[in-house]
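Start counting the sequence shown at 13; every next residue gets the next number (our numbering).
Everything labelled a hint here was simulated from the structure, so no lab data went into it.
It is possible that some hints are incorrect.
[What the hints assert, rightly or not] Okay, derived cross-link-like pairs now, SDA-like style, lysine to any residue, Cα gap no bigger than 25 Å in a straight line:
1. Lys25 with Glu172
2. Lys78 with Lys111
3. Lys233 with Asn80
4. Lys233 with Ala211
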Amino acid sequence: MEQTIRLPLIGEKAPAFKAETTQGPINFPDDYKGKWVIFFSHPADFTPVCTTEFMTFAAMQPEFEKLNCKLLGLSIDSTYSHIAWLRTIKEKIEYKGMKGIEVTFPVISDLTMDVSRAFGMLQPAASNTQAVRAVFIIDPESVVRAILYYPLSNGRNMAEIKRLLQAMQLSDQHKVATPANWQPGDDVIVPPPGSCGTAKERVEKPATDTKVLDWFMVLKKCPV
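Put together the whole structure using the sequences plus the hints.
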């Protein structure tokens, strides 16, 4: 009988776990309370696509830290394998001007595959032994806010992951939505009106800081 794998859904609490990492043991989510977390899996150590991803994430780590966000990696390899791979990255690999990159965020050793299963990172149709390229963005209340999945062969866009994090933080703080291809500083969307009266007022007496395209489509300047 095939085992059913259920990943946590957007809006649900992220599964709790304890694990060994390259930075010592962690207790998730307790160790990350009050922080956003980008939790991502990779298929295996010493693979080229994963190497470019880890170098890019490590190079961008200060940018994520400024956004109150921690990075947390995982693969089904041992801590010893992780350490050897990360040392190789620092000592030998140069990519797109990145050289001597030290990965200091924790990388989970998931030899039992317990964490991978809890987050639905194992997809047998893609591979029986490797975690796919999953990304979970988890908010300071340990709630899953976004889920991204990539195939084994294609690397992730870290700039997009950062953009999505910024968009969600903006939406939380200012109760706005962001349009397609939004970038920090672009106009944002005012949530749709909840009544006919509000819709009429928006069209007939628009606020000075808004651009009314129609009763349901109102833009305004980015609040930050």
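Would the pair Lys25 and Glu172 pass a check requiring their Cα atoms to be no farther apart than 25 Å? Holds. Lys25 to Glu172 sits at ~23 Å (cutoff 25 Å).
Given hint Asn80 paired with Lys233 - CA-CA distance at most 25 Å: Holds, at roughly 24 Å.
Tell me if the straight-line CA distance from Lys78 to Lys111 falls inside 25 Å. holds (23 Å)
Within a Cα-Cα threshold of 25 Å, do Lys233 and Ala211 meet the stated pairing? holds (20 Å)
Consistency note: the structure conflicts with none of the earlier hints.
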